Each structure stands twice: as C-alpha cells, then as structure tokens.
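Novice: Each protein sequence line maps, in turn, to chains A and B. Numbered according to this note's numbering, the first sequence spans residues 1 to 493. Numbered according to this note's numbering, the second sequence spans residues 1001 to 1454.
None of these hints come from the bench; they were simulated from the model. Possibly wrong hints are sitting among the right ones.
Claimed, not checked - Derived DEER-like restraints, expressed as beta-carbon distance ranges:
| id | chain 1 | residue 1 | chain 2 | residue 2 | range |
| --- | --- | --- | --- | --- | --- |
| 1 | B | 1100 | A | 389 | 30 to 36 Å |
| 2 | A | 128 | B | 1449 | 34 to 40 Å |
| 3 | B | 1120 | A | 118 | 38 to 44 Å |
| 4 | B | 1324 | A | 149 | 46 to 52 Å |
| 5 | A | 426 | B | 1214 | 52 to 58 Å |
| 6 | A | 149 | B | 1338 | 22 to 28 Å |
| 7 | B | 1006 | A | 309 | 55 to 61 Å |
| 8 | A | 196 | B | 1204 | 52 to 58 Å |
| 9 | B | 1006 | A | 174 | 36 to 42 Å |
| 10 | B | 1338 | A | 47 | 18 to 24 Å |
| 11 | B | 1199 | A | 240 | 43 to 49 Å |
| 12 | B | 1104 | A | 133 | 34 to 40 Å |
| 13 | A | 134 | B | 1265 | 48 to 54 Å |
Said to hold, decoys possible - Partial pick of chain A residues on the chain B-facing surface, computed with a CB cut under 10 Å:
| id | residue |
| --- | --- |
| 14 | 50 |
| 15 | 90 |
| 16 | 128 |
| 17 | 132 |
| 18 | 467 |
The structure displayed is predicted, hence computed values, not measured ones. Note that the Cβ used here is the ideal one computed from N, Cα and C, for glycine as well.
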Amino acid sequence: MTLSPLPKHTFIPILQHTISYLKKKGVEYADIRLEECISEGVMARDGEIDRLWDNLDTGFGIRVLYKGAWGFAASSLLTETEAREIADEALLQAKAVAEISHKSQATSHKLIHRNHPVRVKYKAPCQIDPFIIPLEERLSPILKATSIRNKKIHTIEGFLDFHKTHKIFLNTEGSFIEQEIFSSGAGIKVIAMNGKDVQIRSFPDSHNGIFRQGGYERIIEMDIVQNVPRIIDEALMLLKADECPAGEKTVILGGSQVALQIHESIGHAVELDRAMGMEISLAGGTFLTPDKLGMRVGSDIVNIYADPAIEGAIGSYLYDDEGTKAKRVEIIKNGRFINFLTSKETAKSFGKKSNGSVRANGWSNIPIIRMSNINLEPQEGRLNDLIADTKDGILLETNKSWSIDTLRLNFQFGMEIGWEIKNGRITRPLKNPLYSGITPEFWKTCNAICGKEEWQMYGLDSCGKGEPVQSISVGHGATPAKFRKVKVGVIKC
Amino acid sequence: MLGRDRIVELLKNLTREARKNGAGQAEALYIGSHSSTARFANSAVMQNVRESDRTVYFRVLLDKQVGMASTNSLHRDDLRRCLNKAIAIAKQTRPLKFFDCLPEPYKYTEIKTHYSETANFTIPDKIKTLKDIFRKLVPASLKQGAKIKVGGAFSTLEAEIGIVNSNGLTAYQPFTSAHISLITSSVFASGFASQFERNAKNIDTEKLLSVAMEKTILKQKARKLKPGQYTVILEPAAVNEILEWLIYIGFGAGAFIDGTSFMRGNMGKRIMDKKITIYDDGNDPSGFPVPFDFEGVKKLGLDIVKNGVANGIAYDTFLAKKCGKKTTGHALIPEDIEGAFPSNVFIKEGNYTVEEMVSLVERGILVTRFHYVNGLLDTRAASMTGMTRDGTFYIEDGKIKYPVEDMRFTESILEAFSRVEAISSERQAFPVPWSDIGANIVPALLIRGFNFSD
Chain A
1 MTLSPLPKHT FIPILQHTIS YLKKKGVEYA DIRLEECISE GVMARDGEID RLWDNLDTGF
61 GIRVLYKGAW GFAASSLLTE TEAREIADEA LLQAKAVAEI SHKSQATSHK LIHRNHPVRV
121 KYKAPCQIDP FIIPLEERLS PILKATSIRN KKIHTIEGFL DFHKTHKIFL NTEGSFIEQE
181 IFSSGAGIKV IAMNGKDVQI RSFPDSHNGI FRQGGYERII EMDIVQNVPR IIDEALMLLK
241 ADECPAGEKT VILGGSQVAL QIHESIGHAV ELDRAMGMEI SLAGGTFLTP DKLGMRVGSD
301 IVNIYADPAI EGAIGSYLYD DEGTKAKRVE IIKNGRFINF LTSKETAKSF GKKSNGSVRA
361 NGWSNIPIIR MSNINLEPQE GRLNDLIADT KDGILLETNK SWSIDTLRLN FQFGMEIGWE
421 IKNGRITRPL KNPLYSGITP EFWKTCNAIC GKEEWQMYGL DSCGKGEPVQ SISVGHGATP
481 AKFRKVKVGV IKC
Chain B
1001 MLGRDRIVEL LKNLTREARK NGAGQAEALY IGSHSSTARF ANSAVMQNVR ESDRTVYFRV
1061 LLDKQVGMAS TNSLHRDDLR RCLNKAIAIA KQTRPLKFFD CLPEPYKYTE IKTHYSETAN
1121 FTIPDKIKTL KDIFRKLVPA SLKQGAKIKV GGAFSTLEAE IGIVNSNGLT AYQPFTSAHI
1181 SLITSSVFAS GFASQFERNA KNIDTEKLLS VAMEKTILKQ KARKLKPGQY TVILEPAAVN
1241 EILEWLIYIG FGAGAFIDGT SFMRGNMGKR IMDKKITIYD DGNDPSGFPV PFDFEGVKKL
1301 GLDIVKNGVA NGIAYDTFLA KKCGKKTTGH ALIPEDIEGA FPSNVFIKEG NYTVEEMVSL
1361 VERGILVTRF HYVNGLLDTR AASMTGMTRD GTFYIEDGKI KYPVEDMRFT ESILEAFSRV
1421 EAISSERQAF PVPWSDIGAN IVPALLIRGF NFSD
C-alpha cells in the first residue's frame, strides 16, 4: 500500500486547520463537510438473494466563496496533503470564476447572509440498529415474502436498504455541527404474467418501497409478509381486469400517489434555484417564478408545507448542508403559493435569509436546494368517506410511471391499479390507468382531502437534481385526496 | 491516478488475503476517478465541482455462497474490514445452486481510451472556454434584437479500472471522457446542442453554439399544435432518450428474467421495422470502446435487434448462470441491483442527412430532444411518454416553418419503430446513465404517425 489515509477522528483537526488556512487565503466564506456512510442494499428474487452489497463511503468536500464566486472540490482520500490540495483547488476554481464574473466586485455580505455560529451534536432517533441484527434475521422478511409460491405469479422481488450516515460540518463562521442519521427502507414487487400481459402490484409502495429515518423497527412496522397475499391477489385480478377507460373523471388518488403528485408538481416547482434559471440545463425551470408569489395554485383546502424537523421522515435533519437550522416553511396556504425553498445565496438575492433547504448527496457533491419533507395538511374523513361520496369516479393507487415538463406544469402519471367507483361503491378493478393535467388547474379541482387518521409519511430514495446528478431521499406526508374533471387515459386522435 | 502496477499489486494482495481468510474464490475491482464539471446558466458560470474518488469492490465465493462489500477508504484497516465483511456475508447467506465460478482470464484487445488532453483539462480551462461562448452570444443578441442566454454543463472525467480475481484474471484500463451541453434561449425559442468525446480537444464549441443558435434565432412566437398523430423527425438527442429506456426496460437480463421486458416471448420475431438494427459493440472504435466489463469479461459484439428482429439480451456472469446462458460481457458495478445492461449501444445508421429527411416531410414536427421520458407505462409494449423541449418545429412542404409549443407524446415505441421511414447517416454519441465509460451512438429517425397526446 502506498496510500496512507488517516482514520476519520485524526482527520477532523486537519479540516479545522484547513478552515483557518482558507481564511488566511482571503476567502469570504468556506465550509467543509466530512461524511461517512455505511450502507447495505439487498435485492431478492423468488426467495433467493440476487444482489447484496455492503458499502463504506467516506470523503470530504470543501466549498469556498471568493470575490463573490464559488468553488467546490471533494476527495475520498483523508490525508493532510489531500485536504490542502482540495482547499487550493476549490479556491482556484472560485478565483477563475471571479475573474470573468460580473459579481467579481461583490462581497459575501451581498451574496449570502451569515448564520450565528453553533456547536451541535445530533443523533436522529433509531430504536434498532439494523447493522447489528444477524444477516439471516435481517433478510428474513423479504426472503419469506419473495418465497411465497403461487403458480400464476411469475416473480416476486424484494428490496431492503439501510444507511447510517455520520456528517460533520464546519465553516468559517465558527460552526461545528455533527449529525448521525439511520435510514431504512423495504418493498415488495409482485409480477403476474398471462400470455402477453404483465401486471405489477407493489407493497408498501412502488419503486423499491418506502424509506424512513430510523432503524430496523421501520421494517417490522411494514408487516411485509402479511401483506403479500393481498397484492398477489390484486396482481392476478389485474390480468383479468378491463382497461381503464379514457375520459374526464372524478379521481381519488391514494396517499402514496398524492405524495408523488406533491413531489413532482409542487416540491420541485418551489425550488428557488430553478425559478432563477440555475437548473435549466438538466432539470429545467418552473412556472412559479418570483412574480407568481400569491398566485392561486390550488383550491382553498390545499395547504402544503416543508418540514425538515419531522421525526422519522426520510428527508429530516437538524441543520442543512449550509449550516442553517431546519424549520417549518409554509409553501401553499389556502391554495395560494407563498414561499420558495431557499439557500443562503438565492434567499439573499431577494433580501431574505435561507429557510434551510440545502443538501448535498454525500461528501462528493455541492450543496443545492432540495426538498426535505414536503407535506399536505390533512383535512377530515377517511378514504371510505371519499369513496362513499363519489357517484362516478376512479380510485387510483400506487405509482407506475411519472413524467412532467420543464416548467413543472404538464404532467402524466401511470398507476398500478384503478378501482371503478359507482354510486359510492367500488365496483371493479381497472388496469393500466394513467392520468394527466396541468399543475395549478389540477390542484384547483381538489375538493376533498382525508384527515389525520389517513395521513402517512412516505419516502422516496432517489430524487434526482443537479449536474452531476445528485440522488437524494425526500419525504412526503400525504393522505388520499379527491380531484374533479381529471383527464384519465390516452386518446389516440 | 495510481496506474496499472500499483492497482494490480494492491488487488493481487487483497485477493490473496481473501483466500487466506477462507474465501474459495475472490475478486477485487478498483475504480478510481477524477471528474470535474462547470455549470453555467443565464450566460454566467454558476457552479463548479471537482471530485476525486477511489473504491474497491470485493466479491468472494465460499463454494456456492456469495458475499460482496465495497469501500472507498484505502486505509489498510478499512480494506481488511471490507474484505472480511464480504467473507462474513458469504458465510451467512444461503448457497446458490447455479453460481459457483468467477470469470476465467481473457486476453484483451488493446484499445486507446485515455487522452491526456482530457485528463489535463482543468476547471479554469473550462471557464475560459465558457467565457468565449458567452462573448460570442453578444453579437447574436444584437442581431436578434433580444437577449440570448446560454446555460449548460461542461464535464470531464479521468478514470481507471483494475480487476483481479483468484482464477488469474487481471485487467486494467484507463479512460477519459468530455461532455458539454448547451441550451440557448431567447424570448421566442430555445435550442440545444451537445457533444461527448473521449478527447476534450475534439469538442467544437463554435459548431455547438451555431447548432443551438440556429434553433433560437427564428423570430417567431411558438404556435400551439393540436394533439394527434404527426410525422416526426427525432434528432439524435431525442432518439437517445428513448433508447436509454429501451435498454433499461428491455435489453437487460433482469427485465428479461422478471418477464417485464418486451423482448421476452419475442426472440426471433419481428418487433420493429427491418431498417432498425440495434447492437452493442465494446470494441468499435467509432464509439467509446471498452475492452472488458466490470467483472473483467472480454467485450464481444451483441446483436440486440437485427433488421427489426429481437435477437439478444445482455447478461453478466451471475444472471447468465441463473438462466443457463453464457455471459455477454455486460456486468455493471456490483452495487447496481438492476444490471446487466449494454453500455456501448449503436443504432445502425441510414443514408440520409437530416436536411434530406426534412425534405421528405409534407407536414410534420422536428423534435430536438425530449424531457423526462418515462418508459414504465407498459413495458411489454415499450409504451413511453415524455415532453419535447429546446427546439420543436413545424415542418411544411419539406421545410421548417415555425417553432411550436412543447408537446407530450405517449406512444408504444415498438409500434413507432415499426413505422420508421428514414434513418440519418450521421450519428452522435451520448453518455449512458449506468456506466461512466460507455456511450450510445444514435442517428436521427423519421417516423410516421407519432402520437402526441397533449
């Protein structure tokens, strides 16, 4: 071995020296994140493990602000020489940008606001450390669930995912923030085949399941094995079901789909960096530009907020990756758009302070504006009440496909299953349903949202944004909700 | 970059240690990379990122028990811990009936895949290039009478891969790549151009800017078209968005095994027009050649769709043994649960220029690229949806007439690719999402009756 990296605890004082070094070099601001993530991912198919990997990922990233320009560099090599080289590289980048930038005369006072320095150590709640449970026991829910035999089912797939992230943040303002977070997720996918037709049902959600902060208790809570027979029945039912008819319908979306609808059409749309054109090259922009503050984007009962401080939600933290304390932010109040998700820089350009919405995917990426947990306020009633109150409609459950335009306006979602509703009762399953709409018009037709008893925290593990693409976990608290005059299906002209 | 000797020595030591610690067979894969990206928006540099990373992946076999673990800490203790973790996982997992052997050694084709011009292209170099682009926009804006802005990203990558296994397999290859994308926009329209190269010196920003600007300077407001079926010319970027999803939902062993692939039940049958041939070739110098996959299996050609007929699926060793097949050399990095996928995919070229294709269209639409394509609507029919973006134009009587508002397509790609009438002779390279070292090479397509749903 010719490389001699240092253990993490020995490396922290070096990073503190690096902050002092950057101050001496004249930076206006700098921050460093040192992250270590231990993770395990499992994919099982029909009672056998297809993939199981264990990973340790460690590294540090340095961000500097010099004459109004940013630089960022990161490395997985924890040595004193590398820390100095990475600091110099970040500074070199910032200087190169400052030379050609109109902002070159700016100072950090103009570009970002300052936080008061804090020293914090935070451990997110975790009842059962998943990594200390014997492997056989840890894997048993998905091995059992994917072993359930049914002649008509082609394949059952199962997914498990555990992360333990330890993050240290320090900056030139004097903050030193240490956060430790466990997350756990699981899901089952049943694939039924009948000649040419293939139908899929998932539990507890599609796209590898639901992800939450916490330990193995999250997997136990899901009660996966008990739910598999039901989704097997539904997958088989879908093979015989009629195609979902096209037309304009009253639609009830299941809670997990409301979560994804919030994610794509509201969560991404209220990111201020998008509104300022900063994400145009890949992810696109948003219809919610700053001049649209106050605009009606939903009916009176639609209230949506960001809250990174919810215990156990996958997008939670105490401090964001710029060292700003997490807080609840009202996004849509009584159907009107009132706030963006912001960073230090984007907020400052509108004379405000960051609302703590910045994260990076690991040590190697630059922090950017990300959703934390974007949630729909519950109203009242149960799903059964919504169904009973529907004369002619469709209940749509579990997302299959998703697509939205560059401005977060024109969307289309495909669903695993539809349930026809006639005169307040579910009458039959429908296969291959999809619905589409235009964001504000769609949310304005929302006329019922279930109550607290149906409210659940959902979690996605792979929301992509930025270049290089950063995939991050995002939470959404949601309930089933009803919408009028929704375009269902695709009509070929 | 550590270089061949240091990496191979490190991996040989580690696989020997694995054998000593009880592994019947052992494999160690090293991936090291330096990447940097300059992002720009509103004609200004906005973000720079440089990343250096090195990861070692272990795979061990104890008879038929498999264990995998990885670490990016090259500290001796962490490497040993990781190696022993892989052995411990193997001991605790159930034996697999079908998987008992890591790949045997190969003799690889010598291919040049590393260019110092790319490796030495720094972020300040990128910023200088971008400054030049911003400067060139000024006269164009004056000519247009409205400000034209540019956004995009300029990335370079230098990487090295080393693989050693206890069967005597030893593989090493360094790589570079450079990728730039530009979006120019005015109040009337936006345009897009991109280039992907192994050698950064081949990046032609002048040409790219000219291609993007040509679509931006049409001084007409975009018109709204009615949903319906239109003849379309899909430029290479648009075709690539669709191809990525075809690979993801159809061409890999995982989807084939679980029954969701449109290839399943159709092998040997015509699924697209006979003009369509899709193949994977890791040795073709006109693409981004790679001598081996991520478990060291030598790259061989794979005909996926030949003259419209479904022909082949991509396997790695594990999934191939599971299906009683031979690997096709398409293993991805071990943590990718959805592999194997082909990562050097070509769509066979035709005989037309894009201009000639436009002249063949009486009434239709030219699509520069798509946004947010999703291919999970009905994977057996390869049904997909997506929005047009950055340059959608109405064609009338063989000529581009005016920009149109972005539209959503919803279409079975198997049906659409059965209505292909013309294919361009020129093809373009694009990065692939599941491998930093491969590329898709795709032409433009002329398709009749393409369905725009809204």
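Novice: Does the CB of residue 467 of chain A sit less than 10 Å away from some CB of chain B?
Specialist: With a minimum Cβ separation of about 4 Å from chain B (threshold 10 Å), the hint on residue 467 of chain A holds.
Novice: Would you check whether residue 50 of chain A satisfies its interface hint, that is, whether its CB is within less than 10 Å of any CB in chain B?
Specialist: holds (7 Å)
Novice: Is it true that residue 1199 of chain B and residue 240 of chain A lie within 43 to 49 Å of each other by Cβ?
Specialist: violated (57 Å)
Novice: Check the following: the C-beta atoms of residue 1100 of chain B and residue 389 of chain A are separated by a distance inside 30 to 36 Å.
Specialist: violated (60 Å)
Novice: A range of 34 to 40 Å was offered for this pair. Does it hold for the Cβ distance of residue 1104 of chain B and residue 133 of chain A?
Specialist: holds (37 Å)
Novice: Going by Cβ atoms only, is residue 132 of chain A closer than 10 Å to chain B?
Specialist: With a closest approach of 13 Å, the residue 132 of chain A hint is violated.
Novice: Between the beta carbons of residue 196 of chain A and residue 1204 of chain B, is the distance compatible with 52 to 58 Å?
Specialist: violated (47 Å)
Novice: Return holds or violated for the Cβ distance of residue 149 of chain A and residue 1338 of chain B against the range 22 to 28 Å.
Specialist: holds (24 Å)
Novice: Using the beta carbons of residue 134 of chain A and residue 1265 of chain B, state whether their distance is inside 48 to 54 Å or not.
Specialist: violated (41 Å)
Novice: Is it true that residue 426 of chain A and residue 1214 of chain B lie within 52 to 58 Å of each other by Cβ?
Specialist: holds (54 Å)
Novice: Falls inside 46 to 52 Å, the C-beta gap from residue 1324 of chain B to residue 149 of chain A?
Specialist: violated (21 Å)
Novice: Against the range 18 to 24 Å, how does the distance between the Cβ atoms of residue 1338 of chain B and residue 47 of chain A compare: consistent or not?
Specialist: Distance hint for residue 1338 of chain B, residue 47 of chain A holds at roughly 19 Å.
Of the hints listed earlier, those the structure fails to meet are numbers 1, 2, 4, 7, 8, 11, 13, 16, 17, in rising order.
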